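Now that you have both chains on their own, put them together as the hints suggest.
Chains as they are written, first to last, in my numbering: chain A, 1 to 266; chain B, 1 to 397.
Worth flagging that the hints you see were computed from the coordinates, not collected in a lab. Every value quoted in this text rests on a predicted model; they were computed, and no experiment measured them. Careful: at least some of the hints might be erroneous.
[Claimed, not checked] Taking lysine-lysine pairs in the BS3-like style, the calculated list, with each CA pair at most 30 Å apart, reads:
id: 1; chain 1: B; residue 1: K42; chain 2: B; residue 2: K69
id: 2; chain 1: B; residue 1: K125; chain 2: A; residue 2: K264
id: 3; chain 1: B; residue 1: K326; chain 2: B; residue 2: K268
id: 4; chain 1: A; residue 1: K264; chain 2: B; residue 2: K118
[What the hints assert, rightly or not] Here are a few chain B residues that sit away from chain A, every Cβ distance over 12 Å (derived from the structure):
id: 5; residue: S39
id: 6; residue: S79
id: 7; residue: G80
id: 8; residue: D95
id: 9; residue: S109
id: 10; residue: D130
id: 11; residue: D132
id: 12; residue: D184
id: 13; residue: E208
id: 14; residue: G262
id: 15; residue: Q269
id: 16; residue: E277
id: 17; residue: Q300
id: 18; residue: E328
Don't be surprised by glycine CBs; every beta carbon is placed ideally from N, CA and C.
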Amino acid sequence: MSAEAAAPDAATSDRAGWRDRITAEALIVLFAIPVIVVVGFASYAVYVQTSSTYADDVVVNNALGYGTIVAQTGEHLLLTFVAALLVVAIAVPLGVVLTRPRTRFLAPPVVGVANAGQAAPSVGLIVLAAIWFGFGFWTAVGALTVYAILPVLANTIVGLQGVDRTLVEAGRGLGMSSWSVLLRIELPLALPVIMTGVRTALVLLVGTATLATFIGAGGLGGTLQTGISLLRYPVIVWGAILVALLALLIEWLGRVLELVARPKGV
Amino acid sequence: MTVTDDPTSSSTSGSGSEISGAEIRLEEVTKTYPGQEVSAVKSLSLTIPAGEIVMFVGPSGCGKTTSLKMINRLIEPTSGTITIGGDDVRSRSADELRRTIGYVIQGGSLFPHMTVAKNIAIVPKMLGWDADRIRQRTDELLELVSLDPARYRDRYPRELSGGQQQRVGVARGLAADPPVILMDEPFGAVDPITRQRLQDELLSIQRELRKTIVCVTHDIDEAIKLGDRILILQEGAEVAQYDAPEAVLASPANDFVADFVGAGSSLKQLSLTRIAELDLSEVPTARVGEPTAEARARAQAAGHDHLIVLDDHDRPTAWPWLRQLKGETIHRGEEDLVNLDHRATLNDALDTMLTSSHGAAVVTGDRDRYLGVVWFDTVTSFMRQQQEALAEEGSGA
Ligand SMILES: Nc1ncnc2c1ncn2[C@@H]1O[C@H](COP(=O)(O)OP(=O)(O)O)[C@@H](O)[C@H]1O
Ligand SMILES: [Mg+2]
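So that you can see chain B by itself, here it is in the shape it has in the complex (with noise of 0.2 Å):
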């Protein structure tokens, strides 16, 4: 089974749905802090397309976050201008500019006192929306970061693990269906296995939302995953270059660059090539609620020793093996099933086959439904085939 999007399209935003944001411009913007000499940003001239992901990345202290936050005015300029949509921030009161920006931080930043529910709906509340339409609101958020909204609506914080809380904290961003969105080191707080699905889920949003995402990270593997462009910044918030991960990794810039890339760009290869680009394969699949027999027929017939369970919804939640399945009908499973976005790497899909015991991964679309399987030998004989092709390439020149 091969996926149908266009495997060489190398635009994460990938195509379909309509964009929703709005472009940013950045001229000429300062920042001096009081009492400091040197300027925190030096005079950054910087313009976003509306509906890209761009990754601000940088080593500590260069300027991301003071450059991320003049955005939305929680740092004012010293000097400069910014417009969003062609609109200068400052043409309206900061409160009232804020409520059109989403704003994602580290960890969620959820309030604690405040349920799920609550801390989604700060910002419609504040707009003035009727207490129906936020309800519809808060569910229809809650499932597009997959969570299942009558069982975690009512939650507090607390009773949420670190990566549902920064879900949480990504639907709060995104509650007044807002243009533009910063995001400050939003999966910094997570641990790997989850940070990588929920930078999957997160492109995977953006797919079908088209915002303007402006993301500040210091780890540039996840530039490369997640942006449409990586604006690379060094000391001052001095651009040392602004382009396609692609083009970063193939030609960087200047030496900064190249140091800050890294080595091992081949490596990095695989934090460029997405499992949309390989041939997944197809496993046996059964319903929950279907009856046990029918289905372990039905994969012995295709020769198979396991299978993999869907929900209503299309959505994996458990692989077993045949001999595991018990009782009468077949059941969602106990342990939650680490998918792949198609959308993700090589790198993440060597990751999460890592901790599978099939040495494969359950690939998913959209919303998170099943597309098939991917197998470790499928990765390696395709890093084996762009090794040939570029010492070829390399030996031709």
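Chain A extracted, bound-state conformation (with noise of 0.2 Å):
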């Protein structure tokens, strides 16, 4: 940021668009990842309608129906979303307090304590959690939301941190309050570091909430126990690819989230 507010005389002529923001590579994952998604969707319904007039197996049947799978999705999605929401709504303002001059001495130990969360397992994680708690929903959100902090945390800290200071102090010698400065300059120009920090969350996000079966709050992680447990390969195999389409849906929708939150002109 700072370089290019230095940079030599060199006037550009044209209008940036968003096109010079993203690269060719960020492109083609953008328009292939809805492709994969649909296509993958479309095997599982064109499996479900096919396979029950072949295998009366009720077990199968059951557990890849769409109002089971259905129903599964939206709990993924709710404790995928709600935790994320949570995440946010902790890290970015901790990663705010732990920029401010005066508070910036307790990065070192927040961030330690984020990275232990993150560095723990994840089963553990939501099985302790299940037993000091006990199981449902919120139990689950609350290990999902510990788990994903660092991510939104240090991307935070690391956006805000790389704002350039002499911006800071142009707002600052222009009479605008400290408060201003972080809301109107300071944020905006992080947004893109801090929503790299948000989709990396989701996606650990939407991968570890599978988990939450274990305690009782729902997911598609229901469908993958049931194929374990009964041991029927088409359910595994059909419960962890609709796991995985629904991380790339997520994945994407994160991308899509970063390019729409970037400020223009940066």
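As structure tokens, then:
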């Protein structure tokens, strides 16, 4: 950012569009993911339609039926998004606090704790949470939140630290309050980095939410569990594929968010 | 053609418009950074008269920036008092104070995620101006810093060249019409030709506005060119000399100043003499849109093989040879013409001429209006005269 501000005289004649901000590679990923996801879900639909005519295994039909899968996908997404919202609501303000001059010294210990949260095995974390707080949705959300704080926190800190200090000082020099500099200059400029953290967190969450079923909080993990405990290979395979597709979809959503959140001109 | 301004006037602020600046006084101002034994600024006392440009100059680390930032309280003094227009800067909150002081820093420091117009509108918005007034003011300021509002107001900083960014930075500093403007090495990040243009523009703006401008630089030539007064500082912001540029050049207060100002003071004289002091030559002109044949005939009748193209605002846009003229009507020309403000120094003039195919420079006045042309020979003969005058003085004494 600072390098650009101090760039030598090289007048850019063309107006910079969003095309400039995104590499060809990112563009391919952005278009390829929805295609893969649609094809994936379509094959699942085809399988469900055709398999029920020749396979009369009630377990398979139940576990992979539309009703079950739609409900579990809904639970899975709800877990993911509620946890993601909590993560953002906690990690971003925390990141802000940990980059202010007066409280900066707290950053290393707090990041250390967040690191520990992520380093702990996710199954362990979820089971431990269930032992302490009982089974259910909110326990799962709580455990997922702790698990996914780190990427957003770390990126908020790095993003804010990456904002050119002279811009902050220019803002103060013009008479903006420190609060206003934070809201109108620092956070918008740090947003791309923060959003990368949010995308990482989303991907972590959508994967880890598979474990929520162990403590009765639902999600697509249920199908996998059924498949494994009753040894039905189609159920295991389709369960895994559906989780992977959902993860891809969330990854895609994260990338779109990243792109949309990027301030113009940066 | 002779420029009408009084050529003997040494003040760069010129005369005419009214002073809108305010006096700044520093009394026994000291700044000791925490954990440091030596003060960065030690007991600095200084009066900066209203409506003048005062240049803070000195070696790196001597306390220029610290002194400057104490005026708008980006740095709080350890002790001492600073007043602006008689009011103690501590009588208001720091944020309120800063909204009444323009602040311009190196490279412009524009906010990259805001358009040019939004950058300029920051202070007026905080002061609660309505949208119409802000829009009007933004366009007015862009005109003032020689940027076409229609073309530039909605651009983002990265779509501008370094020089253009710096211009917007100056416009942002002027936005709410503050009486005092602080500048910290404002033109340090641009190439020499652009820097010279920006300096000329600043002088031209100041001629109109008559603000109190405090400007930090490490470049003695810039200080001599821009300053009504120069404050030469040494370690700990100790005042080595505080005087008009002419006086600093003619009689350095001590060895430090003499060293800092440097050898070759006759070369420095080039930085003291303004184009306005020379006789400008006339060259045929043509207006954008005028039939080419007429313009060509006029130039030939006057015995010239070139002409200067002016736009509707009398601003020179091109300086073609007659044989280069194409098309039915005169057009602006593709490349930007490097003009010379009549407040530019002979030093600048020589720089500009080196890049011109005519071995001369087009001189402009307020708001870039065309005044005439200065030829290389004019400058050299002027210098010869001055040398002779100096030599005579020397032998007479
Ligand atoms: N924030 C700061 N903390 C500690 N020391 C500083 C700080 N800013 C400047 N200094 C010191 O104060 C002295 C003057 O600095 P400065 O005013 O920036 O000088 P200049 O602008 O003339 O180069 C230098 O020795 C510098 O190291
Ligand atoms: Mg400095």
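Verification of the hints:
no. : hint              : result
1   : B:K42 <-> B:K69   : holds (15 Å)
2   : B:K125 <-> A:K264 : holds (20 Å)
3   : B:K326 <-> B:K268 : violated (43 Å)
4   : A:K264 <-> B:K118 : holds (13 Å)
5   : S39               : holds (22 Å)
6   : S79               : holds (22 Å)
7   : G80               : holds (21 Å)
8   : D95               : violated (5 Å)
9   : S109              : violated (4 Å)
10  : D130              : holds (19 Å)
11  : D132              : holds (22 Å)
12  : D184              : violated (9 Å)
13  : E208              : holds (22 Å)
14  : G262              : holds (27 Å)
15  : Q269              : holds (29 Å)
16  : E277              : holds (30 Å)
17  : Q300              : holds (36 Å)
18  : E328              : holds (27 Å)
In terms of the numbered hints stated before, the structure departs from hints 3, 8, 9 and 12, listed from lowest to highest.
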